[in-house]
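Can you build the whole structure from these sequences, using the hints too?
Here the sequence shown stands for residues 1 to 619, where the numbers follow the numbering used here.
Treat the hints with care, since some could be wrong.
Said to hold, decoys possible - Derived CB-CB ranges, DEER-like:
id, residue 1, residue 2, range
1, Glu-574, Arg-316, 34 to 44 Å
2, Thr-365, Val-566, 56 to 66 Å
3, Pro-496, Arg-542, 12 to 22 Å
4, Thr-342, Lys-213, 44 to 54 Å
Unchecked claim - Each computed DSSO-like pair below joins lysine-lysine, with the alpha-carbon atoms no more than 27 Å apart:
id, residue 1, residue 2
5, Lys-603, Lys-522
6, Lys-340, Lys-324
7, Lys-604, Lys-539
8, Lys-340, Lys-321
9, Lys-603, Lys-567
It is worth saying that the hints were derived from the structure and are not from the lab. Where a beta carbon is used, it is the ideal one built from N, C-alpha and C, also for glycine.
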Amino acid sequence: MGLMKQAYDTYCAMEKQYAGVYDANIKEPLIPVSHQITNADLEITLDSEGNLLDARTVEKEDAATIIPVTELSSGRTGDTSCAHPLCDQIRFLSPMYPAKYEAYLTQLHRWEQSPYAHPKLSAIARYVEKGRILEDMARLGLITLNENGLPIKKKQKKQKKEEKEDKEEKEQKEDKLIVRWRVETGKEGEISACWQDQSLFRAFIDYYASTKKEDSVFCMVSGKLAPPASQHPKKIINICANAKLVSANDTSGFTYRGRFKSDAEAMTMSYEASQKSHNALHWLAATQGVAIGGRTFLCWNPHGVDLPSVQAAFLRKGTPKQVKYSDYRKALSETLRGWKETIPADAGAVIAAFDAATSGRLALTYYSELPASDFLERLHNWDALCCWNHDPFGIQAPSLYQIANCAFGTVRASGSQTKLETDDRILCQQVQRLLSCRVDKGKMPADIARAAAVKASNLQIMDTQLRETVLSTACAVLRKYYYDWDREEWNMSLEPEKKDISYQYGRLLAVFEKIERDTYDKDEQREPNAIRMQSVFAKRPRYASRILWEQLKKAYYPHLKPWDRVKYDRLIGEIIEQISDLPQAEHEEALKDTYLFGYYLQKKALYTSDKTENSQEEE
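Right, here's the structure in full:
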């Protein structure tokens, strides 16, 4: 019950400020109890007597509309006569659909005649009772009616033959336009839009509460005695709109077998607590959820305290570029201190991930709650270890999305560039594994580290930008991996005398690549042999080194400037000396993934040296 309790507490803390309030700075309002958000298609304006003043088609960006709902209507499916209390499909507002029309008016009249009536209800009821909504909307050009007086779908300007449908099927779809209401009462300062009227929200909440006659039960979420929820809301996650998080309606299958006698025993929750907790989760998902693949990730504080992103880098935006690790650590510490100064000592952090197990069931795939101070420390510690120099942006910690994409993505052509594409299911699963490691202080998974290293060992099909991203991301992941498992810390500055044969062979590969590139014409984009043979080099370094060196001496060395030949001869000699001093048994073995550190750092050092020399020549 931890998730629902935290969501319930969130709603209670945010209700006064955000419930039913449309704010340009917030993607969606917090939905009031006994309401839901739907996309309206038509907006009808009435006067206080129920006379039609105007009607219009609602633009997509303005379509989100708060409407009153009952437990039954909020979860309705298919061709049902279960009506919403106020705003509904146009077929519920017309006598051309008798069963639906009667259900709508019956419900509206009960509310209108209750002690919790609202002045706008009478105006809407009087207009709907006239039974002219279809004719009025057709007269205004908002819908088109067929010979039977029923709405039809307007013809598209272009229609492919294979897309043509049966006429009756079109008519069935067009009558599902959602209508919302405005009532112009003439009173100064009164809100005409029913979906923004707080007094109307409160009137329905009180009315619907008065209709619930069930005996009170102990709510496992709120800890109060209150009428139970018979059904629970859906639409928590927009991309899984019909999936429910809480559901126990399979009375003939497997729901209760061997465990419960009724659905109430599976989850005893009051109607009010169910509404508040589900609406809070929907609001959090809509306003700050991160969707990766088909999975939605949330990180929040129940009292509205701002928290850093759980999957992005910890450093705040605007932090200056850092090229020294000491400066990077200092920037991380300053960020941590800044967060702790703004977050109360007793604040908590809740992290959750949701995915649709089926079209009708929403699964909680990850959940954690911890003190905000611990949460911040864990983000800081992860980023201090899982980082690398990513030119031209300086030292960075890659996002969890970037790690998963670089490790498991497939290289695809995108115009003149290349990009990585990862299957959605794989992507969201791996991001969640990494999130768990980051939040729960887990070790970097060996398979992710290995996948990142393999991808960085096959750079030949990538453009320059993607190559830099994949290589630096792999180095960041490996740096974290070796610290987690071996307590070995790898520096982000070149160590020419590093006693690691893989590291030294990586340096040698970088030199071979640079020698060949130095002989290229200015616009030549051909891949060097060192890159083409990189994967072979990682498996058989001694063999591949010999081949590459022979190719260089024969085809490329003669084209170097004399002083460059001297420079590279000296550098290669130094690297070979370091390799020769290491145990001979290691020379025939495949390289460890640490060769990527040596390759990256030596390559960076060579290009930095070139820039320095060029600038000195210009002076």
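Exercise for review: Quick one: which hint numbers does this structure break? Sort them smallest to largest.
Suggested key: Violated: none.
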